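Please construct the entire structure, taking both the sequences and the accompanying hints into account.
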Amino acid sequence: MNYTDVITGNNINKKFGKFELNVPEIHIPEGFSTALVGENGAGKTTLLNILSGLRRDNDGEVTYFGEKKITDDGVMESIGFTGTKNYLLPHWTGDQVRELSALLFDNFDKEKFDSICKSLNIDSAIFGAKAKRISKLSDGNIMKLMLASVFARKTDLLILDEPASPLDPLMRDLLGDILRTYIAEGNGKRSILFSTHNISDMEDVTDYIIVLDDGKILEQGFVTDIKEKYVIVKGDCELTEELKKNMVSVNPGKYGFEGVALSEKTEAFTGMNISFETPDLFQICVALLKQNSKLQMPVL
Amino acid sequence: MIKMIKSYNAYTSKLIVFLAYVLFPVFIIFVFSVLTFSIRTNNSQEFNIVITVLTAIVMAYLIVANCLADRFSIGTILVNNLQANEMVKTSPKGEKTILNVATWDIFVKFFSTVAVFLGIFIARYYYRQGTVLQLIGIMILCAFSTHFITSLVCWICRKIENTSIAVVIQSIGTLQILPYIILSVLPVKAVPVWISGPTAAVYLILDVIVNVVGMLILRRFIKKSWYKDVKSKGQ
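Chains as they are written, first to last, in the working numbering: chain A, 1 to 300; chain B, 301 to 535.
Any given hint could turn out to be false.
With a straight-line cut-off of 25 Å between C-alpha atoms, the simulated PhoX-like cross-links for lysine-lysine are [claimed, not checked]: (1) K15(A) to K523(B); (2) K132(A) to K112(A); (3) K523(B) to K68(A); (4) K393(B) to K112(A); (5) K68(A) to K393(B); (6) K523(B) to K69(A); (7) K290(A) to K227(A); (8) K245(A) to K290(A); (9) K110(A) to K523(B).
These are computed hints drawn from the structure, not numbers from a lab. Remember, predicted model here, so these are calculated numbers, not experimental data.
Structure representation (structure tokens):
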């Protein structure tokens, strides 16, 4: 698929003690929604912080909208960012979020912010004369407020760190609609990069996916290509070492096995009583992450 | 300017602003005025004890209030790195706004310091110790010296970037002003104008130097600690 990059990263490297984020090459396509997926501690937030310009002590180079640097005119203004915490100060009220957003971003629309807050049903007690502090809000309402302050700006790129995590199912569904509308109304010029653990919920809004594991990119590409690249393999025969070698990950069961394999290796299963299915994004991500995961079933 | 004040108030805890910059100065001026008026016929020794104690309280409070305000205000704080929130960091105007808030804070601190020492000036004036010129000299001396020390303490705290150590230094900073408290309560005749004038000028120069260096440290802090731009990649 032909596309241009909204963000291009080369040789990004950052070490924290034993952890090392090492990304030789990363491309975030313009006009699409990109999901960043990985285990806890895989380096998703660090990578998002580097790509959003919050961290700049890494090796390597990051460019935006072509060849621009984060400090170039208009770049930070064009990027809407929300973090998982510490985006808003806990003692602020809703009115202060509105005023400070207007002060800090020229492209912030106060009326649009009020309208979005109303639409998202954000607790109105944080506005007005005897307003509650933000710290009194639930995690979900804080996330909605963060999203409202970003959606009220005219941006070309959204970088959202786990936006769906604290949201209820209804709001997650609405968030998907909002993100799809954002992309659709951008005429190919608006892009989104978000991290998520809710792969199934966010699959409808994901065009491109990056799977990160222990600071390294395991897989990146368009969802349609990735789904063609992998296949679900189900069989009721014995799971041999030879079969295991041909699969990305496999779960043995009482009456057979089920796993994910590369589509190009399906010939290795010829002659066996095996069925193939198209995987969804969740199955592919889990299979990829299982390869090196230290997670084990605990003894209960 | 109004926008700046609005933003400053938004960054800072309203309670701290109210206590440090409104309630306490008004309270001290009121107490000094009433107290000195009521004891103006008493002997000099009693008056000096009262004014010594109250001056000590005022100066100690100024140090604590300024350091607290510094800690709770987003741009100037930096003793507490958590106050640097991501909305400000990701704004193209974030760094400039914080530096503006910090600049505004320097002047607010100075005028609040002068306002508090106005209480001492009024007290001495009622007691008719020295000429108005001498009293103003001492008041300015105290104001400059206190502002210099509070600014110095604030940027030392920013420099070390450690809340626990910063609190200790703030406490030591409070002790450092004892010589100036003694100076401010000496009978005016014992403090010639030639001492208060040049000393005040020296403190003014020191104050300016400390605050200019403080702003440079703040700028470096933003790059280093906010954006973690220690390698200055210029990305």
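Evaluated hints:
Of the supplied pair hints, the one linking K15(A) and K523(B) holds, its CA atoms being roughly 19 Å apart against a limit of 25 Å. At roughly 21 Å between alpha-carbon atoms, K132(A) and K112(A) fall within 25 Å of each other, so this suggested pair holds. Straight-line distance between C-alpha atoms of K523(B) and K68(A) comes to about 19 Å, which keeps the hinted pair within the 25 Å bound. Under the criterion of a C-alpha separation no larger than 25 Å, the hint pairing K393(B) with K112(A) is consistent with the structure, at around 21 Å.
Taken as a hint, the K68(A) and K393(B) pair is honoured in the structure, with Cα atoms around 18 Å apart against an allowance of 25 Å. Among the hinted pairs, K523(B) with K69(A) is consistent with the structure: their alpha-carbon atoms are about 16 Å apart, no more than 25 Å. Between K290(A) and K227(A), the direct Cα distance comes to roughly 17 Å. Compliance with the 25 Å bound is thereby established for this hinted pair. Between K245(A) and K290(A), the direct Cα distance comes to roughly 14 Å. Compliance with the 25 Å bound is thereby established for this hinted pair.
Annotation: proposed proximity of K110(A) to K523(B) is violated, straight-line Cα distance about 29 Å (limit 25 Å).
The structure fails hint 9 only (numbered hints given earlier).
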